[in-house]
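Each chain is listed here by its residues.
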Amino acid sequence: MSLSRRSFIKLAGLGTVGTLLCPPVALAAGGVDAANGVAMLYDATKCIGCKACQNACKDWNRNPPELDPSGLYDAPLELSADTWTLIQLYEGNGERSFVKLQCMHCLYPACVSACPVKALQKSPDGPVTYDPKRCIGCRYCMVACPFRVPRFKWDAVLSVVTKCTFCKDRLVKKLGPACVEACPAGALAWGKRGALLAEAHQRLSENPGQYVNYVYGEHDGGGTSVLYLSSVPFEKLGLPDLGHEPVPALNDFLAPIILPTIFIGGVLTLISARFLSGRRGSAAVGHKKEH
Amino acid sequence: MPPKVSKRKLSIPYSFYVLGALTALGVVLSIYRLAMGLEATTNLSDHYPWGLWIGLDVFLIPVAGAAFTVSAISHFWNREDYHRILRPAVFTGLLGYVSVAVILILDLGRWHQFYNILIPNYINLHSFLEEVALSVTLYTMILILEAAPTLLERWNLRLPIHFIERNILLIAGVGILISTVHQSSLGSMFLLVKHRLHPLWWTPILPLLFLLQALFGGVATAGVVVKLTLDKLGLPLDAGLFRKINKLVSILLALYLILRLGDLAVTGELGLLFGAGGYSLLAWGDLLIGCAIPLLILLSRFGKRAEGVFWAGIWIVLGIFINRVTISWIGLSAPPWATYVPHPVEVLSSLGILAGAVLAYLIVARFFNLFPEIEHAHHQ
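Going line by line, the protein sequences match chains P and Z.
Taking the numbering used here, I'd label the letters of the first sequence as residues 92 to 382.
Taking the numbering used here, I'd label the letters of the second sequence as residues 5 to 384.
To be clear, the hints were calculated from the coordinates, so they are not data collected in a lab.
These figures come from a predicted structure and were not determined experimentally.
Heads up, the beta-carbon is just placed ideally off N, CA and C, and yes, glycines get one too.
Please note: incorrect hints may appear among the correct ones.
[Said to hold, decoys possible] 25 Å max Cα-Cα, derived SDA-like pairs, lysine to any residue: (1) Lys251/Z / Thr360/P; (2) Lys327/P / Pro340/Z; (3) Lys244/P / Ala338/Z; (4) Lys224/P / Pro348/Z; (5) Lys198/Z / Pro331/P; (6) Lys244/P / Glu43/Z; (7) Lys224/P / Leu237/Z; (8) Lys198/Z / Glu309/P; (9) Lys259/P / Leu295/P; (10) Lys224/P / Ile127/Z; (11) Lys327/P / His199/Z; (12) Lys327/P / Glu43/Z; (13) Lys244/P / Ser337/Z; (14) Lys198/Z / Glu336/P; (15) Lys244/P / Pro339/Z; (16) Lys224/P / Leu122/Z; (17) Lys224/P / Leu129/Z; (18) Lys244/P / Pro348/Z; (19) Lys198/Z / Leu333/P; (20) Lys248/Z / Leu237/Z; (21) Lys244/P / Ile35/Z; (22) Lys198/Z / Leu328/P; (23) Lys308/Z / Ile293/Z; (24) Lys244/P / Thr45/Z; (25) Lys244/P / Ala44/Z; (26) Lys265/P / Gly282/P; (27) Lys224/P / Ile35/Z; (28) Lys327/P / Leu295/P.
[As the list claims (entries may be wrong)] Interface residues of chain P toward chain Z, partial, derived using beta-carbon atoms under 8 Å: (29) Ala205; (30) Pro207; (31) Ala346.
[To be verified] Coverage of chain P stretches by chain Z, computed from C-beta distances (three or more under 8 Å per stretch; other residues unrestricted): (32) 225-232; (33) 326-340; (34) 352-358.
Full structure from sequences and hints, please.
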């Protein structure tokens, strides 16, 4: 059994290396500057439901329409691979409000924590970006997103994940997001997140009673880059109550801890088990040599 | 060297042809799926991004835990009786993980670049899925090493066998560590979907529950496979070993059941066992089929016999299936109008892959020596 002691040393060394490979890392998107990143403010009380934003998004991103049965209108009912932003109408209890859906560009995106290959990343200037060259199409991001934003191009042989890009390709040309620039009603604004939050709170204080006294996205799920004002409770618009903790908080807390812990614990357990039971004299490993 | 395989064992039974035909169908459908894309071959959608294939993978991984559990007890706790069933356990694990890998490739929308999981600067250390994917790849290679001597000895290839046997503690040790990590990481994957997974199943102790399932599920699976193989080969069962398996599985299963119920009690979710419609029913199925029934069998007098351990194992595997499919597919919320029933290609390709794994195991059991120590003793 001379082989075993050397193996133990190798094993112990491996445990150490394994541990060093997993240094403690903070939240995946911990370096984001919440105040200075780009953001969008959607004021549902000003939205007239014209869907100009929806069409501008399709135009800029060259996404095809999803035609209604008459074949005359682009009439998507939900976000899809071809529809990255959508205006929906809520009506009930004598209240009505439009609501705009698109990627929320979270400050702590669950999709970014989920993605095994960093195809989804939180860029320091705000947008959550997607790189199809990295993506393996596992769809963990779709399951992880609390807003159900990422959609899949199912009808392609090699699919891609699709979602609002915050028009990152327009931002580099000093243009605003296509949807914001198309809005004729002043319901959409874009700029630095800090400035938009100030603007949102100013509207709340100047028009008491016109709004639910809350800026959705300021703290929800750790904060998002799309902020909402509304006269109707936000849950009714389909915006979930996520609490203030970042959605991936538990995941990102455990990821750097759990692996090294099991690795070190595992090495110690195996070594002590081997030595303790080995002394009792049964030699299972050397058994075959008896034949 | 193992004794010569008798002529009787070399005849090819009827079941091989059936399994072979299913495997061939699986291969054809798998190629068809990769060529045609996901919409043509699955009923997955934006509301059900994960379905049968992911469910099967999340189920097969703890079942394939047969290998690392028996390997740990055999190599590191030095139990000779467990060493006698190490080979069938290793092959169960290997074929399980190969099935997992094949099914996973079918599920990937961009399978042509699945190797991206291995590219160092793509690796996301926060993604438990990445951790699982890396581990499955690495561990499959380790299982190939662990399984190789059984195959190589037939052609008397001493050099590689000698190399593997000399380093078996290191190889097995690394395999056990990787397994422990990824069996729990598979559970950690679902920590991120709290907003989507039904509260009867979401809990912060998912990593611990998943690891426990792999421990008792792995040992129980080994018991089932070993009982079936020994019966088929006409070799004697070691009643003492099955009593030990009974004891080990009972303790771990009882611990798991206590943790499950305790967690529901602490979070005040026990009431959901009654008021949550289909989900309550699923949870009862999960707890009764996977925990209560096998535990009762194991504690009974029947359960102390090999047959008892076998039947308890069958219930346990069934329970793990219900539990894992619920967590990775059925228990993930979708809008009320959305539906998902697996497409025939999803079902038949899965069946074909599993048939291929069973066929491969039967071939190994028939033409190679899975029980050198038992055969040796038996033929003396």
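Right, here's what the structure says about each hint:
A C-alpha spacing of about 21 Å is found between Lys251/Z and Thr360/P, which places the hinted pair at or below 25 Å, so the restraint holds. Taken as a hint, the Lys327/P and Pro340/Z pair is honoured in the structure, with Cα atoms around 16 Å apart against an allowance of 25 Å. With a C-alpha separation of about 18 Å, the suggested pairing of Lys244/P with Ala338/Z holds against the 25 Å cut-off. The suggested pairing of Lys224/P with Pro348/Z is violated, with an alpha-carbon distance near 30 Å, which exceeds 25 Å.
Distance check on the hinted pair: Lys198/Z and Pro331/P sit about 13 Å apart at the alpha-carbon level, within 25 Å; holds. Distance restraint check for Lys244/P and Glu43/Z: the Cα-Cα separation of roughly 9 Å lies within the 25 Å cut-off, and the hinted pair is therefore satisfied. The hinted pair formed by Lys224/P and Leu237/Z fails the criterion: a straight-line CA distance of about 50 Å is larger than 25 Å. With a C-alpha separation of about 21 Å, the suggested pairing of Lys198/Z with Glu309/P holds against the 25 Å cut-off.
Pair hint Lys259/P plus Leu295/P does not hold up; C-alpha atoms about 29 Å apart against a cutoff of 25 Å. Simply put, Lys224/P and Ile127/Z have alpha-carbon atoms about 14 Å apart, close enough for the 25 Å limit, and the pair holds. Distance hint between Lys327/P and His199/Z is fulfilled; the C-alpha atoms sit about 17 Å from each other, no more than 25 Å. As the CA atoms of Lys327/P and Glu43/Z are separated by approximately 32 Å, the hinted pair breaks the 25 Å bound.
Distance check on the hinted pair: Lys244/P and Ser337/Z sit about 21 Å apart at the alpha-carbon level, within 25 Å; holds. With a C-alpha separation of about 12 Å, the suggested pairing of Lys198/Z with Glu336/P holds against the 25 Å cut-off. For the hint linking Lys244/P to Pro339/Z, the alpha-carbon distance of about 19 Å falls within 25 Å, and the restraint holds. At most 25 Å may separate the alpha-carbon atoms for a hinted pair to count; Lys224/P and Leu122/Z meet this at roughly 14 Å.
Between Lys224/P and Leu129/Z the alpha-carbon distance is near 19 Å, which keeps this suggested pair within the 25 Å criterion. Between the alpha carbons of Lys244/P and Pro348/Z the distance comes to roughly 21 Å, so the proposed pair stays at or under 25 Å and holds. Taken as a hint, the Lys198/Z and Leu333/P pair is honoured in the structure, with Cα atoms around 10 Å apart against an allowance of 25 Å. Restraint check: the Cα-Cα separation between Lys248/Z and Leu237/Z comes to about 22 Å, which is no more than 25 Å; the hinted pair holds.
Proposed proximity of Lys244/P and Ile35/Z is supported: the alpha carbons are some 20 Å apart, at most 25 Å. Simply put, Lys198/Z and Leu328/P have alpha-carbon atoms about 21 Å apart, close enough for the 25 Å limit, and the pair holds. Under the criterion of a C-alpha separation no larger than 25 Å, the hint pairing Lys308/Z with Ile293/Z is consistent with the structure, at around 19 Å. Between Lys244/P and Thr45/Z the alpha-carbon distance is near 14 Å, which keeps this suggested pair within the 25 Å criterion.
Distance check on the hinted pair: Lys244/P and Ala44/Z sit about 12 Å apart at the alpha-carbon level, within 25 Å; holds. Taking the CA atoms of Lys265/P and Gly282/P, the gap is about 12 Å. The hint holds against a cut of 25 Å. Taking the CA atoms of Lys224/P and Ile35/Z, the gap is near 23 Å; set against the 25 Å cutoff, the hint holds. For the given pair, Lys327/P sits about 19 Å from Leu295/P by alpha-carbon distance, which is consistent with the 25 Å threshold.
Evaluation of the Ala205/P hint against chain Z yields a held restraint, the C-beta minimum of about 6 Å falling below 8 Å. With its C-beta approaching chain Z no nearer than about 3 Å, Pro207/P sits inside the 8 Å limit, and its interface hint holds. Proximity of Ala346/P to chain Z holds as hinted, the smallest CB-CB distance being about 5 Å (cut-off 8 Å). Counting residues of the segment 225-232 of chain P whose C-beta lies closer than 8 Å to any C-beta of chain Z gives 7; at least three are required, and the coverage claim holds.
Counting residues of the segment 326-340 of chain P whose C-beta sits closer than 8 Å to any C-beta of chain Z gives 4, which meets the bar of three, so the coverage hint holds. Under the rule that three or more residues need a Cβ within less than 8 Å of chain Z, the assignment of the segment 352-358 of chain P holds, with 4 such residues.
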